[in-house]
Structure formats: C-alpha cells, structure tokens
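*Asks:* Here's the letter readout for the chains.
There are 2 protein chains.
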Amino acid sequence: MKNIQWLLAARPKGEPTRGDWKHNETQTRSPEKGEILVKVEYISLDPAMRGWMNEGKSYIEPVELGDVMRAGAVGEVIESGDDNFSAGDKVYGSFGVQQYATCSAQGVHKVDPELAPLERYLGVLGMPGMTAYFGLLKTGLPEAGETVVVSGAAGAVGSVVGQIAKIKGCRVVGIAGGKEKCDYVMSELGFDAVIDYKNEDVKKALRSTCPDGVDVYFDNVGGEILDAVLTHINLRARIVICGAISQYNNTTAVKGPSNYLSLLVNRARMEGIVVFDNIKHYGEAARDMSGWIGQGKLKAKEHVVEGIDTFPDTLMMLFRGENFGKLVLKVNHD
Amino acid sequence: MKNIQWLLAARPKGEPTRGDWKHNETQTRSPEKGEILVKVEYISLDPAMRGWMNEGKSYIEPVELGDVMRAGAVGEVIESGDDNFSAGDKVYGSFGVQQYATCSAQGVHKVDPELAPLERYLGVLGMPGMTAYFGLLKTGLPEAGETVVVSGAAGAVGSVVGQIAKIKGCRVVGIAGGKEKCDYVMSELGFDAVIDYKNEDVKKALRSTCPDGVDVYFDNVGGEILDAVLTHINLRARIVICGAISQYNNTTAVKGPSNYLSLLVNRARMEGIVVFDNIKHYGEAARDMSGWIGQGKLKAKEHVVEGIDTFPDTLMMLFRGENFGKLVLKVNHD
Numbered sequence: 003m004k005n006i007q008w009l010l011a012a013r014p015k016g017e018p019t020r021g022d023w024k025h026n027e028t029q030t031r032s033p034e035k036g037e038i039l040v041k042v043e044y045i046s047l048d049p050a051m052r053g054w055m056n057e058g059k060s061y062i063e064p065v066e067l068g069d070v071m072r073a074g075a076v077g078e079v080i081e082s083g084d085d086n087f088s089a090g091d092k093v094y095g096s097f098g099v100q101q102y103a104t105c106s107a108q109g110v111h112k113v114d115p116e117l118a119p120l121e122r123y124l125g126v127l128g129m130p131g132m133t134a135y136f137g138l139l140k141t142g143l144p145e146a147g148e149t150v151v152v153s154g155a156a157g158a159v160g161s162v163v164g165q166i167a168k169i170k171g172c173r174v175v176g177i178a179g180g181k182e183k184c185d186y187v188m189s190e191l192g193f194d195a196v197i198d199y200k201n202e203d204v205k206k207a208l209r210s211t212c213p214d215g216v217d218v219y220f221d222n223v224g225g226e227i228l229d230a231v232l233t234h235i236n237l238r239a240r241i242v243i244c245g246a247i248s249q250y251n252n253t254t255a256v257k258g259p260s261n262y263l264s265l266l267v268n269r270a271r272m273e274g275i276v277v278f279d280n281i282k283h284y285g286e287a288a289r290d291m292s293g294w295i296g297q298g299k300l301k302a303k304e305h306v307v308e309g310i311d312t313f314p315d316t317l318m319m320l321f322r323g324e325n326f327g328k329l330v331l332k333v334n335h336d
Numbered sequence: 003m004k005n006i007q008w009l010l011a012a013r014p015k016g017e018p019t020r021g022d023w024k025h026n027e028t029q030t031r032s033p034e035k036g037e038i039l040v041k042v043e044y045i046s047l048d049p050a051m052r053g054w055m056n057e058g059k060s061y062i063e064p065v066e067l068g069d070v071m072r073a074g075a076v077g078e079v080i081e082s083g084d085d086n087f088s089a090g091d092k093v094y095g096s097f098g099v100q101q102y103a104t105c106s107a108q109g110v111h112k113v114d115p116e117l118a119p120l121e122r123y124l125g126v127l128g129m130p131g132m133t134a135y136f137g138l139l140k141t142g143l144p145e146a147g148e149t150v151v152v153s154g155a156a157g158a159v160g161s162v163v164g165q166i167a168k169i170k171g172c173r174v175v176g177i178a179g180g181k182e183k184c185d186y187v188m189s190e191l192g193f194d195a196v197i198d199y200k201n202e203d204v205k206k207a208l209r210s211t212c213p214d215g216v217d218v219y220f221d222n223v224g225g226e227i228l229d230a231v232l233t234h235i236n237l238r239a240r241i242v243i244c245g246a247i248s249q250y251n252n253t254t255a256v257k258g259p260s261n262y263l264s265l266l267v268n269r270a271r272m273e274g275i276v277v278f279d280n281i282k283h284y285g286e287a288a289r290d291m292s293g294w295i296g297q298g299k300l301k302a303k304e305h306v307v308e309g310i311d312t313f314p315d316t317l318m319m320l321f322r323g324e325n326f327g328k329l330v331l332k333v334n335h336d
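Listed in order, the protein sequences are those of chains A and B.
Under the working numbering, think of the first position of the first sequence as 3, with each following residue one higher.
Under the working numbering, think of the first position of the second sequence as 3, with each following residue one higher.
In short, the hints are calculated from the structure, not lab data.
These figures come from a predicted structure and were not determined experimentally.
A portion of the hints provided could be inaccurate.
Where chains are identical, the list cannot tell them apart; a pair therefore holds if satisfied intra-copy or between any two copies.
Cross-link-like lysine-lysine pairs, in silico, DSS-like; alpha carbons within 27 Å at most [claimed, not checked]:
{"hint": "1", "residue 1": "205", "residue 2": "15"}
{"hint": "2", "residue 1": "4", "residue 2": "205"}
{"hint": "3", "residue 1": "282", "residue 2": "24"}
{"hint": "4", "residue 1": "299", "residue 2": "24"}
{"hint": "5", "residue 1": "257", "residue 2": "35"}
{"hint": "6", "residue 1": "168", "residue 2": "24"}
{"hint": "7", "residue 1": "257", "residue 2": "200"}
{"hint": "8", "residue 1": "35", "residue 2": "24"}
{"hint": "9", "residue 1": "205", "residue 2": "92"}
{"hint": "10", "residue 1": "41", "residue 2": "24"}
{"hint": "11", "residue 1": "170", "residue 2": "41"}
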C-alpha cells in the first residue's frame with residue numbers, strides 16, 4: 003500500500019519551516035516476526051517534538067535527518083507478526099508521522115475504543131495525562147488547601163494538572179492565552195481563577211488571584227511567566243519544570259529565570275520532570291484517571307485537525323497558542 | 003565609653019560606595035535587665051550583607067536607614083544585666099558593625115576561646131560552616147562516589163562544603179579565582195581537582211575535571227558559572243543555591259540561568275537554602291565539625307583585616323574576590 007510520511011529534512015534554526023520537512027511517498031512493508039503493521043489513525047502533536055528536531059543529547063535521542071518524524075499515535079493493527087497482537091486491535095505506539103507503520107511490537111500497547119474515543123489515548127489517557135499526573139503528584143507534592151498555579155492551563159497537560167489539583171483539594175489558578183481558553187478553564191474545568199496572559203499583567207494578576215502566594219507552580223511555558231511566578235512563591239514552594247514552549251524556537255539563548263534567587267529567599271525548589279521515568283506506574287495513573295473521568299471530575303478536550311498533508315503547518319499551531327485542547331492530527335487514507 | 007559605629011546611610015544602587023555608610027561616634031549605654039554590654043572583637047563580613055542593604059522582603063528584614071549595620075560578631079561581655087552571662091564571657095551574637103554593643107542577651111551564645119581562636123566562630127564554627135554543613139548534607143544529599151562541584155571553593159562556605167564532601171567519600175572539584183586560591187584548595191584542602199575561573203574556560207575544564215558529570219553543585223556565585231555547570235549535570239543532580247555573589251551588585255536584572263532546561267532533561271533539582279532554618283540542629287553540626295577539625299580533616303582559614311574604620315573598603319574585598327578565607331574585621335579599641 004502507498005504510505006505517505008513526513009521525514010525530518012533539516013535541523014531548524016528557530017521556528018521550524020516547511021523546508022525542514024520532506025513529504026515522502028513510499029510503500030508499506032509486511033511485518034516480520036515480532037513486528038506489526040499499523041494503520042495510523044491519530045497522530046499526537048506535542049511541544050516536545052521541537053526538541054527532538056535538535057541535534058545533541060537530550061532526555062531522548064534526536065530524530066536523525068532523513069528519518070520519519072517521531073510521534074506517538076494510535077491506530078489499528080492490520081497485519082501482525084507478533085503473538086500478542088491480531089489484526090483489528092486498536093493500539094498506541096511511537097508510530098511516527100505517517101499513514102502506516104511497520105514496527106516492532108515492543109513498546110506498543112492495546113487501547114480500548116469502547117472506553118474512550120481513540121484520540122483521547124493521545125491526551126488525558128496518554129503522555130500528556132501521564133505527564134500531568136506524575137509531575138504534579140510526585141514532584142509538585144500538592145497538599146489540600148495549597149495554591150497551585152499552572153501555565154498552559156487550557157492545554158493537554160495543564161488542563162489535567164489543574165483538574166487533578168482540584169481533586170486533591172487545592173486552590174487552582176490557571177494561566178492561559180485569550181478569552182475563549184480562559185472561559186473554558188473556569189466554566190468547564192472549574193479552576194478557582196484564571197489569568198489571561200495575553201490581556202493581563204501576569205504579576206499583578208498573580209497578586210490578586212493568589213492572595214496567599216503560590217505553593218506549587220507547574221510550568222509549561224518558561225520565559226516571562228516563570229519569572230513572574232517566581233516573584234510570588236511561598237516558603238518551600240515547588241516549581242515543576244515540565245516544558246518551556248515560549249523558548250523552544252528561540253534563535254538566541256533561552257531566557258533563564260532572572261528571579262531564580264527567589265528560590266534561595268524562599269528555600270524553594272525547581273525540578274525537572276520527564277514522563278517516561280514513570281512508565282512502570284502508568285497503570286495506576288490510568289486507573290485513577292479513568293475513575294475521575296467516569297465521575298465527571300476530569301474532562302478532556304482534543305483539537306483534531308484532519309489530513310496528514312497539513313502536518314508542518316498544524317504543528318506550528320502549538321507554538322502560536324492556536325490549538326485549544328490536545329492537538330491531534332487525524333490521518334486520512336484515501 | 004566612646005563607641006564607633008557604621009550606620010547604613012543610603013540604599014546602594016549596584017556596588018556599595020562610601021556614601022552609603024555613615025561613620026558615627028556615640029557613647030556606650032549600660033545594659034538594663036536582660037541585656038549585656040559586649041566589647042566587640044571580630045566582626046564577620048559576609049556576601050549576605052549586600053542583600054540586607056536592599057529594601058524589601060527577603061528571608062530577613064532589611065537594615066533600616068540610620069541603623070547600625072547588621073553583622074554577626076564575637077567579643078567579650080564587659081557588663082551583664084542577664085543571669086546567664088557574666089563579665090569576661092566570650093560570646094557570639096548579632097552585634098553589628100561597632101566597637102561595643104548593648105543588646106538583649108536573647109540569641110547570644112557563649113563560645114569557648116580554649117577550643118578555637120575567637121575569629122573561627124565566625125567561620126567554620128559559625129554561620130558559614132553551618133551553611134556548608136546543612137546545605138550540602140540536607141539539600142545536596144551527596145553519596146559516596148558522586149562528583150560534587152563547589153564554587154567559591156576557597157571561601158568561607160565553599161572550603162567547608164568541599165572538605166565535608168571529601169569526608170563523605172565524594173570526588174570534589176572546586177571552582178576558585180586565581181592560582182593562589184586554587185593551589186590552596188588542592189594542597190591544603192585536598193580537593194580532587196580545581197578550576198581557575200579567572201584563567202580557564204569553565205565549561206571545558208568541567209568536562210576534563212568531571213569525566214562522570216556533576217551530581218551535586220553547591221553554588222555560591224551564580225551567573226556564568228552556574229550556567230556552565232548546568233550543561234554538565236547528571237541525571238537527578240542536586241543544585242544547592244546558597245548565594246550568587248556575581249550578581250549582588252548588578253544594576254540591571256540578575257542573569258538567570260539560561261541553561262535551566264537542563265533541569266528538565268536531567269530530571270534535576272535546584273533548591274535554595276537559608277542557614278537559619280537549621281538553628282535547632284546547630285549543636286549536632288558543631289559537634290561533627292569540631293570532631294573533624296580535631297582529626298585534621300577539616301581546615302579553616304580566616305582573612306583578618308584590622309581596624310573598624312576600614313569597614314566600607316574591607317567589605318568590598320568580598321565582591322572583588324580579594325579575600326582569601328573567611329573575611330573578618332578585627333576591631334580596634336584605642
């Protein structure tokens with residue numbers, strides 16, 4: 003079968019451009035023993051992809067030039083060379099930005115389309131949900147009654163962070179861009195307050211929305227917002243560094259947090275997290291989160307864009323704050 | 003008796019200048035009940051003093067304009083209105099930059115001049131020693147075999163950090179400025195390696211002196227050196243933020259650590275410390291450290307400058323890296 007793929011053609015300087023990608027047409031390959039052939043249905047688009055395009059050591063190997071762009075995805079097994087999978091199984095795996103993937107069955111796991119729509123396994127029941135769950139609970143260590151602030155509050159990770167913090171009895175303040183996202187965070191997700199960073203002075207708004215200071219800050223954005231929150235943290239605050247989407251496309255140096263000495267004054271902590279470290283505990287997290295979804299305490303929203311051909315442009319929506327909910331690419335198979 | 007004091011006359015912008023201080027001559031006051039009159043012998047000069055000169059909230063109240071500059075000091079009780087102290091007692095307290103202090107006996111404690119020279123109670127047996135002990139052991143959490151890097155390695159805090167890390171079985175690399183300090187760190191303190199930041203490329207030198215990466219970084223300086231170490235940390239590294247002497251006199255914004263996203267990649271932690279939080283445990287620390295001094299495992303060096311009149315200039319030695327060992331001012335009483 004014909005298989006359309008997006009290959010990494012060049013390492014971007016600053017914002018990725020169309021020229022950094024190669025649109026490739028190839029043929030599917032039958033799976034060998036231990037492999038499966040998957041028809042990809044939804045591809046996860048994540049801020050982390052920007053980092054995978056760079057050369058050099060990170061928490062994961064970079065994507066090599068000429069390789070299919072790495073991406074988490076869900077789809078259906080259409081041919082299996084592995085005893086654990088059969089044609090018709092719905093599966094999650096690192097299938098890449100392509101219509102079909104022939105890959106080792108290792109690291110692939112089945113998902114239940116009865117329990118939740120397939121695309122949800124890329125959001126609240128996938129990496130973003132796991133990132134929120136473990137980052138908040140294991141590193142943020144929120145206690146009931148504390149104030150938790152989260153940036154990217156309407157996003158795939160931030161929306162889950164805030165909802166879990168509410169479940170744990172915290173006062174939750176979101177930071178998001180634009181009225182529509184802010185309204186969603188308040189009325190749909192039930193946060194206690196929201197700051198619209200596009201239309202408000204974040205420092206001032208932190209003072210009014212967090213009268214008792216900030217105990218936990220879950221940071222998805224970095225830059226000026228991280229700096230603003232640092233001026234308002236409490237003694238022994240925990241700052242979870244999950245991402246820094248405002249800085250990923252910088253062509254100059256990343257803006258470090260000028261107010262980091264607030265960590266000293268407040269004996270506070272700033273700690274980085276990578277979701278893969280918790281892989282052995284994904285099961286517990288999925289059970290907790292499915293339970294909360296069932297009870298209506300945890301809501302999810304996906305932003306679905308159709309057509310694998312739109313990939314280079316659709317990815318950029320993340321960096322422009324144009325997506326509203328977990329961004330996924332729905333793969334068309336003509 | 004005549005009492006010469008230094009008062010804070012203005013809040014400095016950038017480097018403190020002579021005009022920020024007022025030289026004042028007054029008379030001593032007899033102690034009331036619960037007070038003591040102390041003849042101050044040695045005054046501790048510390049980087050933290052720069053922070054106390056600023057307005058606004060920090061981990062401690064700022065010094066008010068017109069007040070005697072705050073300083074830890076040691077001296078002799080010459081008149082006591084408190085049952086716990088008698089004339090002739092040698093004591094440590096926050097006596098300020100002056101020849102004589104009449105103050106509440108609360109927070110003052112006796113020191114033993116037989117056990118160590120008086121000025122040592124401002125260094126390894128005082129705040130800098132306690133800062134090193136608790137910052138390294140409680141926040142740095144070094145394990146035998148790990149690599150510990152410390153900046154300001156020849157200084158009052160750094161020299162103790164490195165020696166305690168050696169006692170705990172770590173590989174220790176110091177960062178200091180100039181050949182004399184670097185030689186001292188190697189030959190007297192027994193560090194495993196040293197980097198002369200004034201004459202070496204710190205990033206390169208970190209690669210060669212820390213072939214297994216950095217597990218604990220104890221930071222006294224901030225700025226470029228913190229940024230360089232961030233590029234070379236290991237998974238789950240602990241960065242102890244004790245100070246940032248390179249930044250205290252900035253007139254522009256503090257330089258935040260541009261490479262802070264290394265915390266994310268390495269799931270590492272950056273945490274601030276303030277020594278006063280450990281006040282209940284100073285006793286244990288003093289016992290440990292006295293023991294190590296007795297065994298010759300922990301060495302101390304003070305840099306004594308004579309004459310209270312030199313205070314404004316002597317303080318500046320800290321920010322220029324001109325002191326070599328714990329900087330103390332020996333008070334003259336004509």
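*Asks:* Which numbered hints turn out to be false for this structure?
*Replies:* 2, 3, 4, 5, 6, 8, 9, 11
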